[in-house]
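Heads up: the sequence lines are chains A and B, in that order. Going by my numbering, the first sequence opens with residue 1, and the numbers climb by one from there. Going by my numbering, the second sequence opens with residue 1, and the numbers climb by one from there.
It should be emphasised that the hints constitute simulated quantities derived from the structure, not laboratory data. Fair warning: this is a prediction, and the values are worked out from it, not measured in the lab. Be careful, since some hints might not be right.
[Stated by the list, open to error] Which stretches of chain A does chain B cover? Using the computed rule of at least three CB atoms under 8 Å from a CB of chain B, they are: (1) 43-53; (2) 106-113.
[As the list claims (entries may be wrong)] The following residues of chain B were derived to be distant from chain A, with all beta-carbon distances above 12 Å: (3) Val19; (4) Asn56; (5) Pro61; (6) Arg63; (7) Ser65; (8) Glu75; (9) Asn77; (10) Thr80; (11) Gly84; (12) Arg111.
[Claimed, not checked] If you want the ones that stay clear, here's a sample from chain B, every Cβ over 12 Å from chain A, calculated: (13) Pro8; (14) Ile12; (15) Thr14; (16) Gln18; (17) Thr20; (18) Ser27; (19) Gly28; (20) Arg55; (21) Gly62; (22) Ser70; (23) Asn71; (24) Leu88; (25) Ser93; (26) Asn102.
Ideal placement from N, C-alpha and C gives every residue a C-beta, glycine not left out.
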Amino acid sequence: AQSVTQPDIHITVSEGASLELRCNYSYGATPYLFWYVQSPGQGLQLLLKYFSGDTLVQGIKGFEAEFKRSQSSFNLRKPSVHWSDAAEYFCAVGSYGGSQGNLIFGKGTKLSVKP
Amino acid sequence: KAGVTQTPRYLIKTRGQQVTLSCSPISGHRSVSWYQQTPGQGLQFLFEYFSETQRNKGNFPGRFSGRQFSNSRSEMNVSTLELGDSALYLCASSLDVTGRNNEQFFGPGTRLTVL
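Generate the whole structure from the sequences, applying the supplied hints.
Next up, the structure:
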């Protein structure tokens, strides 16, 4: 069965430090992969997505993610974190060629930023 | 361009009652999906609709139902409410259901509390 694992429930980083949020997926075929961010009281905002092609994907707000098929991973990175990045981050997988309206989400990683 | 609108934003019901939540997608979007978000289970897929047809359904009991109208607006209904139905219900819309340029946009959610 398809699944997404985000091993870190909560991460705290200092402002200006680099960030890496981990995501591992289980899917039999080539997946669609997504990273979303959710601020308190808000819906989800798409940061970036991977469908095929270049395995390093650039997104909004300075985020990037790298798809590694051999490790079944799609980790999210940012070189320098800003206080406004504090939020909850969700990795999701969708079926390639299938519907994108039926995503499987990880449990999320809450990011706190120290001044 | 207006975003995805969900009404009401907050709702308090008692066990045994039923509730209807509404979602207005972005103008021109024909696909609407619903997700339930709880602290324990995270984000779970409920339904996906496209052009008034249910394309996919998640693993939820029959008390959860939905529909989509000809103007793409969607409603979901939960009958015989249980305490465990307390959650944030998120709606997402997209132009289509597949395609690498297709993107889901999420609404702010409806916070349902069952007492």
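- Hint numbers the structure violates, sorted upward? 4, 12, 20, 24, 25 and 26
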